[in-house]
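J.: Taken in sequence, the protein lines are chains A and B.
For the first sequence, full-length UniProt numbering gives the first residue as 1, with consecutive numbering after it.
For the second sequence, full-length UniProt numbering gives the first residue as 1, with consecutive numbering after it.
To be clear, the hints were calculated from the coordinates, so they are not data collected in a lab.
Some clues are possibly wrong.
If you want a taste of the chain B side facing chain A, the calculated C-beta under 7 Å gives, among others [stated by the list, open to error]:
1. A42
2. G45
3. F51
4. L55
5. T57
6. I58
7. F61
8. L75
9. D93
10. E95
Far from chain B, some chain A residues (derived; all Cβ distances over 12 Å) [what the hints assert, rightly or not]:
11. A83
12. V118
13. L119
14. P134
15. M250
16. P277
17. F325
18. P335
19. E344
20. S577
21. G583
Keep in mind it's a predicted model, so treat the numbers as computed, not measured.
From the three backbone atoms N, C-alpha and C, an ideal C-beta is built for every residue, glycine too.
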Amino acid sequence: MSDSPKAQSGDFLSNLGKIYGWYTGGFAAFVLVLAVLEQVGVPNRIIGYLFVFLTIGVYALIGYLSRTAQVSEYYVAGRRVPALYNGMATGSDWMSAASFIGMAGTLYLQGYDGLAFVLGWTGGYVLVAILLAPYLRKFGAYTVPDFLGARYGGNLARLAGVIVLMSASFTYVVAQIFGTGIIASRFLGISFELSVFVGLAGILVCSMLGGMRAVTWTQVAQYIILIIAYLLPVVLLSAKVTGVPVPQLMYGQALEQIEALRATKEALAGAPSHITPFINSDPINFFGLIFCLMLGTASLPHILMRYFTTPSVRDARQSVAWSLFFIFLLYFTAPAYAAFAKLEVFTNVIGAPIASLPEWVSIWTNIGLVRVTDANADGILQFREFVINADAIVLATPEIAGLPYVIAGLVAAGGLAAALSTADGLLLAIANALSHDIYYRMIDPQADSKRRLVVARVLLIVVALVAAWVASTRPAGILAMVAWAFSIAASGLFPALVMGVWWKRTTSAGAVAGMVVGYGVCLFYLIGTQYMGMPLWFGIRNISCGLFGIPAAFLTTFVVSLMTQAPSQAMQDFIDSIRTPRGGVRMVSGEKVLD
Amino acid sequence: MPLVEDGKIPRGASSATVDKATGEAYWARTSGLMWTMLAIWAVAGFGVHLFATSLNTITVFGFPLGFYMAAQGSLIIFVVSLFWFARKQNAIDEEFGVEEE
Chain A
1 MSDSPKAQSG
11 DFLSNLGKIY
21 GWYTGGFAAF
31 VLVLAVLEQV
41 GVPNRIIGYL
51 FVFLTIGVYA
61 LIGYLSRTAQ
71 VSEYYVAGRR
81 VPALYNGMAT
91 GSDWMSAASF
101 IGMAGTLYLQ
111 GYDGLAFVLG
121 WTGGYVLVAI
131 LLAPYLRKFG
141 AYTVPDFLGA
151 RYGGNLARLA
161 GVIVLMSASF
171 TYVVAQIFGT
181 GIIASRFLGI
191 SFELSVFVGL
201 AGILVCSMLG
211 GMRAVTWTQV
221 AQYIILIIAY
231 LLPVVLLSAK
241 VTGVPVPQLM
251 YGQALEQIEA
261 LRATKEALAG
271 APSHITPFIN
281 SDPINFFGLI
291 FCLMLGTASL
301 PHILMRYFTT
311 PSVRDARQSV
321 AWSLFFIFLL
331 YFTAPAYAAF
341 AKLEVFTNVI
351 GAPIASLPEW
361 VSIWTNIGLV
371 RVTDANADGI
381 LQFREFVINA
391 DAIVLATPEI
401 AGLPYVIAGL
411 VAAGGLAAAL
421 STADGLLLAI
431 ANALSHDIYY
441 RMIDPQADSK
451 RRLVVARVLL
461 IVVALVAAWV
471 ASTRPAGILA
481 MVAWAFSIAA
491 SGLFPALVMG
501 VWWKRTTSAG
511 AVAGMVVGYG
521 VCLFYLIGTQ
531 YMGMPLWFGI
541 RNISCGLFGI
551 PAAFLTTFVV
561 SLMTQAPSQA
571 MQDFIDSIRT
581 PRGGVRMVSG
591 EKVLD
Chain B
1 MPLVEDGKIP
11 RGASSATVDK
21 ATGEAYWART
31 SGLMWTMLAI
41 WAVAGFGVHL
51 FATSLNTITV
61 FGFPLGFYMA
71 AQGSLIIFVV
81 SLFWFARKQN
91 AIDEEFGVEE
101 E
């Protein structure tokens, strides 16, 4: 995969199927070997170490092999990533520790209402495909602010884009590094602070030498591990409970039994329905959250920039479809996890004598993710006496299903892959915005490519270190802010991006004003309601603050654009050229064409 | 205005990719497909779930239908419609002769 001999690079690309096929087979063999080692008495701790270090080692190897000295390889993987593989890479770029570990738990706790996350985090890809990805690909940007700079003629829009990007992505990346720290410390038995820096090393070895190219090929590798790790435990659990290893179809039965138990079992008094809508959130918050998550998906730069790497506009469209397919595989399985775990809890845990609970309950009680009390001192566990942390659902499933420890190690490797891959994508998005948009475009446009790559790498390390340092302080406040990233990105970027492609009349002043107002309204509502005791508007929770920010931004962009002079003919030609797949991009004079 | 340097034809100077009328017709068709997709998105993402409570009275393989739509049905619609969209847009590109060379 090295740079100079082109044939070698071609070889790699034409053999992707074979290479990743061998890789998947190798990983399966590795899991089997560990399973055997476990049977012959190798301690769990060693198995945990092998899982964590061998997978990170493989990612590091891919990162090293993908090293590059070319700017376009560093920023957009040379635009040679086939649609299907870019789809896999986007899948792991997208699915974070929260999706992998937290989603099923949210569904367990909230039932139907938790499905807002499932819908919101998938449906946004429809918007990506129809409104943005093909046009951004045609333009051929390196970063999302790059497009804003070209379309809205100048550094003001570019800078506004960078600010929104930083606000949305930085808290997000801190949460991912925090996630790697949690997983690594649990499976390595080292301190959380140390684990954060182990995770950081894992992230940097993937991305530093090869930029987007290295991140792409590690993300594909990480997708394969995370999807195997996610599907296997619940497939085995489904086979055990229902006799059919297709959890996504079989959990219907589990849902029926859950509702039947809830109606008949005395100890389950007070358990809310798993299937009835709008218990935890009213319809306006349910739909508002879906809306913000969807538009946020279509605005997050680390996702959009993945579609800059496909060979063509056609491939970009195809690639969004593949991305959603690979994401769908995990998201339509998450409700099955929740249902089977709930069935187990309702059948074997609640209503059982506290003295003889299943073994997995005591394991996770010791770790602190499950809490059992006997409030009414009758020796029987009541629904209200059992508290389970959302993170425990996926992590405990191997034990619920009575599977060997090697499966728990596999789940840890999967969670680590999910967190690392998302962190890689986010760090690259942030560092690239700083190195390309701030440094190269605004500070030193004369910089040669060698210098640009040095700056890009230095900034990547700096951003990563700052993020890791923030994560190591266990900032509760920052973690709560992660869910806000979607509303912030949607309010600040979505209208400017979409109207830039779809409405020629959008002017620079309109777009910048829209970004400022959208971002401002969103932040005002977030900070006001979260920290200043401001009352909620129409009862809308601040996680959905985009419900105010997005319309405000659209409206401002629209009104200000009409009040200012229409974009020049040259700008209109530019827009026409990015709307048409064939032909070159007609840059407006003064804008630099990318190399 | 294209960047023209040294009399050479730079990238992007092929301004006569399509004539104006074809370009407009192409964009009208592309926008039409976009609005169709947006409608599918709105119905699958929001519309059906407005009726979740009534749909839940119907049970298929143990799944209450309202729950099923939010957990799987809409997701399948999203995935299938995106593959359909990619194919359809390719066909439009070819019909107007603006597909990539």
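J.: Could you work out which earlier hints the structure fails to respect and list their numbers in ascending sequence?
T.: Violated: hints 1, 3, 4, 5, 6, 10, 11, 12, 13, 14, 15, 16, 17, 18, 20 and 21.
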